[in-house]
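K.L.:
Make the complex out of the two chains shown on their own, each in a separate frame, by following the hints.
Protein sequences, first through last, are from chains B and R.
FYI, our numbering numbers position 20 of the first sequence as 20, with every residue one higher than the one before it.
Numbering-wise, our numbering comes out as the position in the second sequence, counting from 1, plus 487.
I should point out that these hints are in silico values taken from the structure, not numbers from a laboratory.
Where is the CB? At the ideal position from N, CA and C, for every residue including glycine.
Any given hint might turn out to be false.
What the hints assert, rightly or not - The following label-pair restraints were derived from C-beta to C-beta distances:
1) F443(B) <-> P573(R): 33 to 41 Å
2) A408(B) <-> Q619(R): 24 to 32 Å
3) G599(R) <-> T363(B): 47 to 55 Å
4) F443(B) <-> E506(R): 31 to 39 Å
5) D299(B) <-> E615(R): 46 to 54 Å
6) T307(B) <-> N502(R): 18 to 26 Å
Spelled out, the chains give:
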Amino acid sequence: MSTLHGTISRRLTWMNMLVSSIALLIAGVAFAAYDLATLRAEIVRNLSIEAQMVGSHSVTALLFNDATAAEETLAALRASPAVIRAQVFTPDGHLFAAYSRDGSPALPPPRIPGGLTEMSEFDASSVYVARLVVSDGRPVGIVRIRADLREMYDRLAHFALIVVTVLLVSLAGALLVSRVSQRAISTPLAAVAAVARQVTQEKDYAVRAPHVETPYELAVLVDSFNAMLLEIQQRDRSLQEAQAQLEARVRERTDELHATNNELEAFSYSVSHDLRAPLRHVTGFATLLDQHAGPSLDDQGRRYLTTITDAAARMAKLIDDLLAFSRMGRASVSKRRVDLSQLVREARDEVSADLNGRRIAWTIDELPAVDADPALLRPVLVNLLSNAVKYTSTRDHARIEVGTETRASELVFFVRDNGVGFDMAYAHKLFGVFQRLHRADEFTGTGIGLANVRRIIQRHGGRTWAEGAVDAGATFYFSLPTQGAAA
Amino acid sequence: MTADLPRILLADDSNNDLELTLAALRSHRVANEVDVVRDGAEALDYLYRRDRFAGRAPGPLALVLLDLKMPKVDGLEVLRQIKSDPALRLTPVVMLTSSREEVDLLRSYELGVNAYVVKPVAFGEFMEAVKQLGAFWAVLNERPRIVTPASPAGTRG
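Chain R with its partners taken away, still in its complex shape (with noise of 0.2 Å):
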């Protein structure tokens, strides 16, 4: 059954926020699996399917998770990259971010995120946010058919 859901990237460099993000996915009983990857660089081989990642199975994502800052590549470059990339620019992205700096905000909106949350401190708030994101991107929202994967070595037509 899960094998048909479109599947969930998280991308998350502390381990402290991954296992509450996950638990929260998990408490509120989002159905899609999520790949976890540990900063941008990995995130963008995760979409690309690169290196490591070259052999996933291409097929749309339910929804990009972003974490602002991340070694080596961070979120807003991530976000840059998806959105001029026109096979990957519908794929649904959201930054989950600690910051309330309006500039990271302004950025991110600019590069066309679909959605920019704040992780609230307070846990419930953070549960709430992490439940209503999973269950619009993940359950509710339909997104056109006609999104392919990226698919850079063109295996599969």
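Isolated chain B, as found in the complex (with noise of 0.2 Å):
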């Protein structure tokens, strides 16, 4: 603040200051400039009375050739002190009669042009006046006539020191007054500087610069940046309170979500205690009564326990898979690099387990490591693998090919049957719980699989879609972000 302040002002009296010298040693010079050239006229005008004088009374001193009677009447010229020789001459040029004040040596008679009676000539130090004189309008004399310009000089001396006075003097004045009028210039400045330093590293938009009258620019400035202060506080307050409702309501949301997700937890807690019970009841009795009245049954009311026992253990099954899916939705997915080949072989094992004889055509190609949480992608795996095995059941050459694209910013991964198919106008339905597209007689599963597939790629940030027709088999594909690429 206080460099501003510094430079500011500091400036302007400067300023003030160069421009009062200026004028001032303008002003002194042409009064200096006028006032010698005054001077010099005056002096020379002086002389020329002087200079007459002496050749009036010279003329009869000339006409009769007494030089005595001219040299008494030069050493009048002793009462003009600034006269330091004087000289008459004959009409011809020979010296007739002198007066030196101080032995300076003789002057040369001077050459008056034709037509004038006087003229005067200044070199360094001095000046030069010389005269005809003239009796009867005949010339009869030359009168020169040499002065010395101390008193020129001094004068000049003594102007040039009232001009260095005044000069000081009224710098001093200058800088006095600068100083005052200044500070109605650089106090509003340095405040509002100060104010702009404080908002822009306190981020205080709360500060106000003092409001001043005049200067009018000065005024207007402070009074802008005021209102510029108010706008800035009035949108960061609607800001502070934007971002304070939107956290609000996040943390609302957040709330919800949790509570959403305890009765879920709660729901299927439930799900598996109370939901099992019955079933459990019914398959239990339906086998007390086989032991009890098994026996007396006919073969239709055997078939009605078997299916009564079918059906229930189906549902049981139906139950722990939507319980395993609705766990898998809260299930923590903690990423690592994991070997896609080793996992796919490890899925191929595990569903060519229970091929009873039949004969498939792996085509697995070279996978890379991918990022994902092995736990979660291990029943992906198995389940698009057991699907493609499910479905190509009815091929004697059943032929299954997984494989990967590496696309822009995700890796696909695909597995390929030639089995049955599907009509592409349900692929939409296809990753939908307990959605099927074959009924339950024709291949056996609950409709979770995919849904569960989706829901973990999902969670990988990756996506699930298939593609197939109708006896022409299908391509079940995922992707999985590449690194870089999701974060």
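P.N.:
The following block contains the structure:
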């Protein structure tokens, strides 16, 4: 703050003083030049009068060739302290009489141009005046006087002294005046600067620069600056309010989500407990009935009993799958580098366990390592491979191909089979819970496997889709974001 | 003969489950007498010989079969009290439940359950489970002899 204050006020002071000095100097020089010119003219005029007087007093002496009288006349010049030498010449240039105050060398006769009666010359220290002495219209002699210019130089020095004194005094005055007047400019500016700094450094939009009345531009600057601050303060406040609102809403939603999650957990817990118990009773009592009355039942009766038991077992499986699916949605995903080839091999071995002698031609490409949770990715692969095995069960030569394609920001994994395929019109239903495209008596299954696949892949930030045609095989895809694409 | 065998306590609030469990125990010829209680509070009364069980004969139990979800006091609480009572904690306790939730399993083992059996839905498996339980705990399992039953009144030394 002091820097700015110093800079601005120093600059203003310097400018004030420079301007005053230049004005004073110009005025001083102009006055001095004018005074010098006037003084020179006056000196010449005075000398001219003296020369005229000497001339008129020397006429008789010249006419009568009385040099002594002429010298007496010249001696009267002693009264003029500036005159250091005076000489009277005859018209043909011979020295007639002379006067010298200090024994300075004799002057040569002057050459007055024709038609003139008087002429004056200056050198550095003296002024020379020559005048024709005329009697009855005829030149009878020439007077030449030399006077020194000490008086003029004294006066010039004096003048310079006055100018310098005035300059100094007025500079001091200017300094004082500018100091006072600048306060009206630099103080509000410094205040604005200080406020601006506080705003930028401390983000405090509540500060204001003190109001000033004059000068007008500064008043406008300060007021506009304050108005701008008010605007910023208001926007800042509304921004903060919006942010607080947003945060509150996020918190609210998070709480709701937690509550829903807890409800869901409670729900699946009670499903696990309470839905399973009656099923157990159904199968239990069906078995007891079979033991108790089995021998007396006919075939139809026994088939009914078997159907009851099978249906209950199927429902138990559905409940288990649904619970597993629900748990999967809440399980945390802990990704690490996973060897996809290894995982696919293990999945293939798992699904190959119950092939009942079927032959399948596997084609498994070289597969890269991926970032995934192996505990979650494994059921995905097992599901896709077991689906491929299941839906090629009607083929004499089942073929299953596993591979990957690398795309811009994702790795696409696919399982292709030559099985019964599906109608693309229903492709959107494939990954839904309990959605099946085949009758239960055609292919077994609860309809939850692909829903689980989709949920797990989505938890990994990937996508799932499928392509196929009725009786022409199917290809199931999932993608995983590659490193850098998802973080 | 049966009087010499230690008894089994079965705590379950479901009639159906009780009938099935008893049928399974019977069909596998578990010879121990089975006492039935219908909730956790009754189970505790039975164990501590309180109220209507005040007159029951003291003596070590062969096994306590606890359903997890019961009215009033649940199976986990009964388990906790058994395992935190020096006089009872050596009594074998088996949680017999339809729950497959890991929290229940974990909590039961934390409290010191001797076995945790998920009641299979398929009756065959259920029978097998009950049979193994009965055989293991009631017949095979030799428990430390020093155990004395809880006797709050201290009438018998």
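K.L.:
Checking against the hints above, which ones are violated?
P.N.:
1, 2, 5
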